[in-house]
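Starting from the structure of chain A, add chain B where the hints point.
Protein sequences appear in the order of chains A and B.
Those letters in the first sequence? Residues 1 to 213, per the UniProt record's numbering, in order.
Those letters in the second sequence? Residues 1 to 213, per the UniProt record's numbering, in order.
Treat the hints with care, as some may be off.
What the hints assert, rightly or not - Simulated pairs of lysine-lysine, PhoX-like, Cα-Cα distance not exceeding 20 Å:
hint: 1; chain 1: A; residue 1: K31; chain 2: B; residue 2: K31
hint: 2; chain 1: A; residue 1: K49; chain 2: A; residue 2: K59
hint: 3; chain 1: B; residue 1: K59; chain 2: A; residue 2: K31
hint: 4; chain 1: B; residue 1: K17; chain 2: B; residue 2: K49
hint: 5; chain 1: B; residue 1: K59; chain 2: B; residue 2: K49
hint: 6; chain 1: A; residue 1: K49; chain 2: A; residue 2: K17
hint: 7; chain 1: A; residue 1: K31; chain 2: A; residue 2: K49
hint: 8; chain 1: B; residue 1: K31; chain 2: A; residue 2: K59
hint: 9; chain 1: B; residue 1: K31; chain 2: B; residue 2: K49
Derived by calculation from the structure, the hints in this document are not laboratory data.
In this text, all values refer to a predicted model and were calculated from it rather than measured experimentally.
Number of protein chains: 2
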Amino acid sequence: MARQKSRGEAMDPQARKVEILNSAARCFMEKGYHATSIDDVARALGCTKGFIYHYYASKTDLFFDVHREGMDRLFAAVMPATQAVGGPLAVLIAMLTAHARAMMDHHAFETVVAQGVQIHRFGATTPDQRRTLDELIASRDRFEDLFKDQAHAARAVGQIVADDISIAVKMMLGALQWSIFWYRPEADDGPDARDRLAARMVTTIIDGVRARN
Amino acid sequence: MARQKSRGEAMDPQARKVEILNSAARCFMEKGYHATSIDDVARALGCTKGFIYHYYASKTDLFFDVHREGMDRLFAAVMPATQAVGGPLAVLIAMLTAHARAMMDHHAFETVVAQGVQIHRFGATTPDQRRTLDELIASRDRFEDLFKDQAHAARAVGQIVADDISIAVKMMLGALQWSIFWYRPEADDGPDARDRLAARMVTTIIDGVRARN
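Just chain A, with the same shape it has in the complex (with noise of 0.2 Å):
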């Protein structure tokens, strides 16, 4: 009697990492970088713990790769608004709402990310691992520097008012992920219930609350 494969080994390769992937990131969000094992993982995706060694070497590079989607998956939200049409200001909140957005969609990575700024603040690593970690936390860097430029470039034609860019961006970039904590996308009305947030998240971040007179 023939094995029955598992759905993850049933897969194309690539389409097995991004599953492996899914999963981690899941169990990741759900327990935690040390409380989560390879095992979970491997049951959570319903496959063998080997299945998973065959990609990853160790749970600390699962994590890594985990971060690293997270961080990829929100630069190609944002990368495509950054083209947007209009000025300084209009390119500003087509980056600011794809990254509402993005937050939405990839919420289980965007959370171990989350996690990742944790680990790379407190965390005992090997050398290795450090130098990855560093990595990842310098395009974390990387991401919110698109939005300083893009928040100078808006100021430089008086489209914008800060004082200080670095705690406005701050603000802006801090209201949108903590979203990480209180968006649920079980409760989810779709895509366009999404971008109804977004759009909504995004001008209160713009306009703030105060009435204009």
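Quick look at chain B alone, frame taken from chain A:
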């Protein structure tokens, strides 16, 4: 030869408990709930494990008390601001400023509160633990309600505009609370610098960044 008393054991009971909570907040912040042991907390405090078990039956109870203390400190910071002079918007600004400052003053505790939100969402807990966690999350909701009520009051008199108060408040609080990921108490220049940072954060949130014509 008399056994040398550790720092924790030499203090009065209330001060001891505060020392345990401070040490635990730091440990949970650094390693997360799952990877932290009572041993870690004892080692960080320079006391015995038994000393901590005298106050807390389990790591979970200790975690809950750190979470509770984190919420108490937020309420203690923000409640006086609800009595600030001026109209509803002035009060809202005072509350947000006090909140921003409290996030800096109690950085470790507020980081642990955020961990508690994730554990509430995903954690496997006993019915008793669940009840405690439900109460803690309910106190988070009451905290958010303070800001929603105030935002409604400000909107009622035309001082703020927001189609959706719930989203607007989530953006405000998220922007402030995301500071657990970037604020570094060890790089801090003291209370005045913290006040200036808090004021800048809140101005950005209330007024947004779009230039007013």
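Results for each hint:
Among the hinted pairs, K31/A with K31/B is consistent with the structure: their alpha-carbon atoms are about 13 Å apart, no more than 20 Å. For the given pair, K49/A sits about 11 Å from K59/A by alpha-carbon distance, which is consistent with the 20 Å threshold. A hinted pair counts as satisfied when its Cα atoms are at most 20 Å apart, and K59/B with K31/A qualifies at roughly 16 Å. Distance check on the hinted pair: K17/B and K49/B sit about 14 Å apart at the alpha-carbon level, within 20 Å; holds.
Taken as a hint, the K59/B and K49/B pair is honoured in the structure, with Cα atoms around 11 Å apart against an allowance of 20 Å. With a CA separation close to 14 Å, the supplied pair K49/A and K17/A stays within the 20 Å bound. At most 20 Å may separate the alpha-carbon atoms for a hinted pair to count; K31/A and K49/A meet this at roughly 18 Å. Our distance criterion of 20 Å between C-alpha atoms is met by K31/B and K59/A, whose separation comes to about 16 Å.
Proximity of K31/B to K49/B is assessed by CA-CA distance (about 18 Å); at most 20 Å being required, the pair is judged to hold.
The structure fails none of the hints (numbered hints given earlier).
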